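As they're listed, the protein sequences go chains A and B.
Numbering of the first sequence is given in this note's numbering, commencing with residue 519 and proceeding in unit increments.
Numbering of the second sequence is given in this note's numbering, commencing with residue 83 and proceeding in unit increments.
Please note that the accuracy of each hint is not assured.
To be verified - Restraint-style ranges between C-beta atoms, simulated for each label pair:
1. B:THR516 / A:GLU565: 25 to 31 Å
2. B:THR516 / A:LYS560: 53 to 59 Å
3. A:THR636 / B:PHE602: 27 to 33 Å
4. A:VAL656 / B:PHE602: 14 to 20 Å
5. B:ASN605 / A:THR600: 28 to 34 Å
6. B:ASN605 / A:GLU674: 21 to 27 Å
7. A:ASP605 / B:THR213: 20 to 26 Å
8. A:ALA650 / B:PHE318: 39 to 45 Å
9. B:PRO464 / A:THR636: 48 to 54 Å
10. A:ALA650 / B:GLU165: 35 to 41 Å
11. B:THR213 / A:ARG711: 40 to 46 Å
12. B:ASP294 / A:GLU674: 43 to 49 Å
13. B:THR627 / A:ASP605: 25 to 31 Å
Simulated from the structure, these hints should not be mistaken for lab results.
In this text, all values refer to a predicted model and were calculated from it rather than measured experimentally.
In this text, a Cβ means the ideal position worked out from N, Cα and C, and glycines have one as well.
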Amino acid sequence: MERREALKRIGVLMGGAVSLSTASGILGGCKVGPRSEPFVPKTLTAEQNELVTTISELIIPETDTGGAKAARVNEFIDKMLTDWVEDDDKQRFLSGLDQLESSTIASEGSGFLELAETDQIRILESLEAKRAQWREAVGEGTASREERPFFEMMRELTIAGYYTSEIGASQELKYEIIFTSYEGDVPYEEIGRAWS
Amino acid sequence: MTHVLQLQWDPPTFSVQNQRRSVNLFHSLLMSVKNVYVSQGAPEYDAIVVGSGISGGFAAKELCEKGLKTIVLERGRDVVHGEDYITEHKPKWEFEFRGRGDRKLLEEEYPVQSRSSPVNESNLHWFVKDTEHPYIEVNPFTWVRGYHVGGRSIMWGRHCYRLSDLDLEANLREGVAVDWPIRYGDLQPWYDYVDDWVGINGEALGLAHLPDSQFLPPFPLNSGEQVLREAVRKSFPERYVTIGRTAILTQPHRGRAACHYCGPCSRGCSAGAYFSSQSSTLPAARATGNMTLRPNSVVHSIIYDPESGRAAGVRVVDAVTMEQLEFRAKVIFLCASTLGSTQILLNSTSTAFPDGLANSSGTLGHYLMDHHFEVGASGDLPGLEDVYYRGNRPTGIYIPRFRNLGDRATRRSDFLRGYGYQGDARREGWGRPTTGFGVALKEQLRDPGQWRVSINAFGEMLPREDNVVELDSERTDKWGIPLLRIDCTFGENEMAMRKDMMQSAVDMLEVAGCSNIATFDRNDIAPGLGIHEMGTARMGRDPKTSVLNEWNQAHDVPNLFVTDGSCMTSAGCQNPSYTYMALTARAADYAVRELKRLNI
Ligand SMILES: Cc1cc2nc3c(=O)[nH]c(=O)nc-3n(C[C@H](O)[C@H](O)[C@H](O)COP(=O)(O)OP(=O)(O)OC[C@H]3O[C@@H](n4cnc5c(N)ncnc54)[C@H](O)[C@@H]3O)c2cc1C
């Protein structure tokens, strides 16, 4: 792109109210369209993938904006497990998932996915309580950061995956890329949401 | 003009084709070193500039505008302004790892670059693959670089601060290293000249030790930073919280557009709102019709002509074809970055200069400096829940140096020199610590968290002879150039200063009313991370103790100028590239005057 052409485009962007996706389409390459092929996880099994999808949606549910499921957080988690997360963390995550399933069967008589949502939430609440205890212990130096419980990882990956997704970053939170100035003291109601 | 040239790398079988001669690299690597004498015709170019980064781009502009036919030799690939900014405005969700980067790739191929926090998934293509560009760390030294047209001008942080006489007289006053051969009065008109071309925004403070530039309007401070500013002003009359002074346009300037506040500048800016070689100096050089820019041209060494006592030209290896070439000119500007230029000089050996060109003093490669940083504090700023900001401001705050300013009140007995801070205040985002899950969590994260202030000090590092770079005697890179061995450590002065850098940060956050103050001090801090390498071909008054004179001209070789950070006699605590620009423009002006007087 010639410099003049680039400037002209920026000028157009700054002058007219152009939607975010148009802007990123022009300057950031092509937008990802709807996918034709179904998602096949690389690390998670089909069952684990369903479990991850369900738990992530319980962590960030659909409200007036899409939740973790709509944002395909499960795909992000599978990607991170496959290509990013260190081996021991990955193993702890996967066995944590399996353990959640087996302990649910032991205590509830059926798998996590078959439970009513209120029961699923009750189980996650106990995991969250354990996570909070672990965090406290880390703060006091009696537990190690390396032994991150499954729900710590699950929660963190869900939050990161959701708020960096298109839905999380640009629908739930606020995302713009072209401004005419920087203002450092705007009443919060004028913006109304956190910038992603 | 006929030169008799002493070459040390050519096999006896090369062919002379005009002024450029190709030789078989494979052959030459196998051949033992020989001295070969050949005759040459008149040089094809008036000037050679090595490197196209901040200093090389400026040299090209100045020399071309003054009418010199100039070839710019750049080792990396070409980067076309706009078109090649492949990640510009790309949203997070379109990155494979959402901006975090490919951990395995970083560990395997970018183990050095990825130590530096500004390096991320969206700008990784501007940093060298460490596996392709090895060097030897005798002690840890993080050499962060980009090899392409524009060099690090594409991904630099754009902070620009003038040196003052407090900095330029410090060595003399304290008996450290050698005296700078220049004072602020020598630099000031050239800083002004650079301002007019580049466009630097900031707030004028009238401080003698941090002279004002000719500023474009500053970016505003946000509400949190205002609180810090007022509190610090009240409790510490000698400290100022001001906006970062940066080479970013807050209004249109010389054909470049003002900032549009998209945020991640280091991906490249097709609007040209910040200074880079692409947005500013290279188009100016190109417009004269005098510039030839040759990417993929790895300068191997400088050819010295013992008869005239001049540099005759440079030897180049084409990075793609591996062909060996030579280019000749009347004057050479070495702007390959501090370590790049020093490597070239060390590799330019001859009977006259067995230890590297222009190294009769033996100081070439010594006195390597950086800035030491990643020490400071952050804290929560209570209140201000009903205010926020709009736009991604491409800079933060700056707190100018307030230690050892030459008066009693600011004098420290525990260290020499001083430091400044960069930082900002912002409201926490979705990554902040939270508990729970479900609708309540989502609602909580829809709003920003509390304000948090963070300040990070940049301190001066003293020049020490034993902080040195050398050529390895055995290993060479792909282009036949001996690897650099870097042996550099921080000293006691830096370590003593770091304690104060942390404590002063805490003091300022406390008076601002911050709670939960957390200090930080990067425990693996080692030179290089500041990305401000300097000093290995220093300027000085005495040819016996320095490489360059007051015009950045080699004492030993009058038509050789080195205008990147290697010329720095001391480091100051200011981000240095702006000074390289001023020194480069000043040296180019001098060189062209001397050429016209037939002195070089
Ligand atoms: C993330 C980051 C943030 C920074 N922030 C700031 C800041 O805020 N303020 C500041 O002042 N500085 C900052 N810097 C440092 C700044 O980028 C450098 O000081 C500056 O770019 C140096 O200019 P230069 O021209 O000497 O070197 P470079 O810009 O590095 O350019 C050197 C060029 O020479 C080429 N080259 C090297 N060797 C050879 C060879 N043998 N043959 C041919 N070509 C060669 C390279 O490919 C490169 O293009 C920052 C750097 C980084 C990476």
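Right, here's what the structure says about each hint:
no., hint, in the structure
1, B:THR516 / A:GLU565: 25 to 31 Å, "holds, 29 Å"
2, B:THR516 / A:LYS560: 53 to 59 Å, "violated, 29 Å"
3, A:THR636 / B:PHE602: 27 to 33 Å, "violated, 43 Å"
4, A:VAL656 / B:PHE602: 14 to 20 Å, "holds, 18 Å"
5, B:ASN605 / A:THR600: 28 to 34 Å, "holds, 32 Å"
6, B:ASN605 / A:GLU674: 21 to 27 Å, "holds, 24 Å"
7, A:ASP605 / B:THR213: 20 to 26 Å, "holds, 22 Å"
8, A:ALA650 / B:PHE318: 39 to 45 Å, "holds, 40 Å"
9, B:PRO464 / A:THR636: 48 to 54 Å, "violated, 38 Å"
10, A:ALA650 / B:GLU165: 35 to 41 Å, "violated, 51 Å"
11, B:THR213 / A:ARG711: 40 to 46 Å, "holds, 43 Å"
12, B:ASP294 / A:GLU674: 43 to 49 Å, "holds, 46 Å"
13, B:THR627 / A:ASP605: 25 to 31 Å, "violated, 55 Å"
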